[in-house]
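Keeping their order, the protein sequence lines are chains A and B. Residue 1 is where the first sequence starts when you use the working numbering, and the numbers rise one by one after that. Residue 1 is where the second sequence starts when you use the working numbering, and the numbers rise one by one after that.
Any given hint might turn out to be false.
What the hints assert, rightly or not - Negatives, chain B to chain A, calculated, CB over 12 Å:
1. Leu6
2. Phe9
3. Ile42
4. Leu74
5. Arg182
6. Glu186
7. Asp191
8. Trp221
9. Glu234
10. Val246
11. Ala263
As the list claims (entries may be wrong) - Listed next, with one range per pair, are the computed distances between beta-carbon atoms:
12. Arg172(A) with Ile275(B): 32 to 40 Å
13. Leu196(A) with Ser179(B): 22 to 30 Å
14. Gln197(B) with Val8(A): 36 to 44 Å
15. Ser179(B) with Arg225(A): 33 to 41 Å
16. Ala177(A) with Ile196(B): 24 to 32 Å
17. Arg94(B) with Arg225(A): 52 to 60 Å
18. Gly10(A) with Thr284(B): 37 to 45 Å
19. Leu138(B) with Val8(A): 27 to 35 Å
20. Lys14(A) with Leu138(B): 25 to 33 Å
21. Lys282(B) with Ala58(A): 56 to 64 Å
Hints are computed from structural coordinates only; laboratory data are not their basis. Virtual Cβ for every residue (Gly too), placed ideally from N, Cα, C.
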Amino acid sequence: MERRSRNVTGIIRKVSIYVLLVFITLVTVYPIVQIFGISLRPSDQLYSTSLKIIPDDATFEAYRTVLFEKDFFTWLRNSLIVALSVSIFGVALASTAGYAFSRFRFRGHRAGLVVILITQMFPATMLLLPLYVLMKRFGLIDTLLGIIIAYTATALPFCIWTMKGYYDTIPRDLEEAAVIDGTTQLGAFLRVTLPLSAPALTITGLFSYMAGWSEFIVARVIINRQGLYTLPLGLESLSSTFQTEWANYAAGSIIVCIPVVVLFLLLSKFLISGLTLGGVKG
Amino acid sequence: MKTKYLIWFFLLPSVVVIGCVVFYPFLYNFYISTTNMSLYHIRDYTFKGLVNYREIFSEPDLYYYFGKTIIWTLVNLFFHLVLGISIAMLLNRRIVGRSVFRALLILPWAMPQYISALTWKGMFNYQYGSINLILQKLFHVQGIEWFSNETWAFVAPILTNIWLGFPFIMVVTLGGLQSIPRDLYEAAEIDGASAIQRFTHITLPMLKPVLTPAVILGTIWTFNNLNVIWLVTERGLPADKSHILVTYVYKAAFTYYRYGYAAAFSIFIFIILLIFVLVYLKQTRTLEREA
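Chain A with its partners taken away, still in its complex shape:
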């Protein structure tokens, strides 16, 4: 008797957990599902007050418009140039600086790490404003090089921190063995440590890539010329004419989101360990 009532409460508990989880998940994905629905709206239903997710007469018209009638490919090209440069630049510099911080003790070692952490506390305007004024002087406003510089300023400290955290987890014995075998320390780094760090290099690179791909506030300040718009600027320009272009904005967002979201889901595990490792090991 007692066992049966225990079973019943167990089942009720189980069911209520699922109900709760499904409810939370539905609320969470609703905005995303909704924007997908909007992207399917035909142009005569933009001002719809229906709550249907998939509109009547659903169409991919907005996707065609965004891809072929807007400057989508210009935005895409600019975003690719910026994000790729930032991530390549960031990884190349961070892979060496992070190594120095992980393996050697030198004067200013601690201070250097503290400075890197402190830069993460800067409010956006703290570097953006002086960079903007300087770029105005040097004629870098309205150039892609301008945004690349600004993004590097924010991405590089973070990259160094992540790389250092990863090198810390690779045992030194491997390098020492290589040195005993007659390689130089530099050779040991190039032939032993660097290949072992391939996952960290990839992840650091991809994350700084995604940061550049998705940044709006800084780009807004540095770029005014439409021909140099990156994807975020382009999409925002569609959304500000909200009433007429809402479906186009939604379609553009879906196109831009899919690759980043997939990458993110694949990498989320590594990101967490990168963030917390650095925090714990200091």
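With chain A fixed as given, assemble chain B onto it according to the hints.
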């Protein structure tokens, strides 16, 4: 090669780049903060000493924005932690489709932030936004004019940011939960500990090492979050009432072109944040020592 040279060889490129794009601008920002530089005085500015700093403290809305920033940070962090931890605990069981739930629940974090913010802005639209439509059709309540009222205009970005931020805490907590040994719970159960006691005496203390860095990062990110308020409230609607400190400075710098003033204000925000983090770190460390 001697180790000394090797260190320089590794560090120098980054030191040069950080020096040029971080350190020099940082110092230059200090310099700007002591001048009356603006769009109209970009070359012929003059040295003004601490005038800009004095102006910050005589700004009538300073305490209003400061208060809003504190509320913004606390409310967001509170909900991020409560939602993130409880959802993680729901997921940390034998559940069919666990990885599907996990992937779907991470989506708000995975989406580019500006897209989420713009999407939510659309959802808060008075006539066509789905939030008002849901209120009207499902609950038969009148729609809210989100951006003409000071309070609602602040609630809107908070709702957006709670949605954006809880997955981060959820994922961190999930990782932490998996590292807690099962026998701890079993032993506690044998000793007759209730579910709440097990949570406060085992789960929370064991989560602390992963949650502490996450909370510090979360605080910094939330405090400095420009995107959400800027995009959701369309630059501080109604009439600059929904700003937090960072959006206010951004507007002062790039809408009103008050460079000197904005530079001083950035330093002011940075110092507040720095003090907070130092105090927080010190407290968690002293707590650890006592424990």
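Evaluation of the provided hints:
At roughly 6 Å, the least C-beta separation between Leu6(B) and chain A is not larger than 12 Å, which violates its mark as non-interface. Its beta-carbon lying about 8 Å from the closest one in chain A, Phe9(B) breaks the requirement of being farther than 12 Å from that chain. With a least CB separation of 7 Å from chain A, Ile42(B) falls inside the 12 Å interface cut-off, contrary to its annotation. With a least CB separation of 18 Å from chain A, Leu74(B) remains clear of the 12 Å interface cut-off, as annotated.
Consistency note on Arg182(B): stated as away from chain A, and its beta-carbon is indeed over 12 Å from all of that chain's, at 19 Å minimum. Every beta carbon of chain A lies more than 12 Å from that of Glu186(B), the smallest distance being close to 18 Å; the non-interface claim holds. Once the 12 Å rule is applied to beta carbons, Asp191(B) is consistent with being away from chain A; the minimum gap is 21 Å. At roughly 9 Å from the closest C-beta of chain A, the C-beta of Trp221(B) falls inside 12 Å, breaking its exclusion from the interface.
A Cβ of chain A approaches the Cβ of Glu234(B) within 12 Å, the least distance being about 9 Å, so the stated non-interface status is violated. Not every CB of chain A is more than 12 Å from the CB of Val246(B) (nearest about 5 Å), against its label as outside the interface. Listed as outside the interface, Ala263(B) is inconsistent with that label: its C-beta sits roughly 6 Å from the nearest C-beta of chain A, within the 12 Å cut-off. Range check, Arg172(A) to Ile275(B): Cβ separation about 37 Å, and the 32 to 40 Å hint holds.
Separated by about 24 Å at the C-beta atoms, Leu196(A) and Ser179(B) satisfy the suggested range of 22 to 30 Å. A hinted range of 36 to 44 Å for the beta carbons of Gln197(B) and Val8(A) is inconsistent with their spacing of about 25 Å. Between Ser179(B) and Arg225(A) the CB atoms are about 51 Å apart, so this pair departs from the stated range of 33 to 41 Å. Checked against the given bound of 24 to 32 Å, the beta carbons of Ala177(A) and Ile196(B), roughly 52 Å apart, lie outside it.
Arg94(B) and Arg225(A) have their C-beta atoms about 56 Å apart, which keeps the hinted 52 to 60 Å range intact. Range check, Gly10(A) to Thr284(B): Cβ separation about 39 Å, and the 37 to 45 Å hint holds. Evaluation of the 27 to 35 Å hint for Leu138(B) and Val8(A) yields a pass: the beta carbon distance comes to about 33 Å. For Lys14(A) and Leu138(B), the Cβ-Cβ distance of about 28 Å falls inside the hinted range of 25 to 33 Å, so the restraint holds.
Remark: the range hint 56 to 64 Å for Lys282(B) to Ala58(A) is upheld by a beta-carbon distance near 57 Å.
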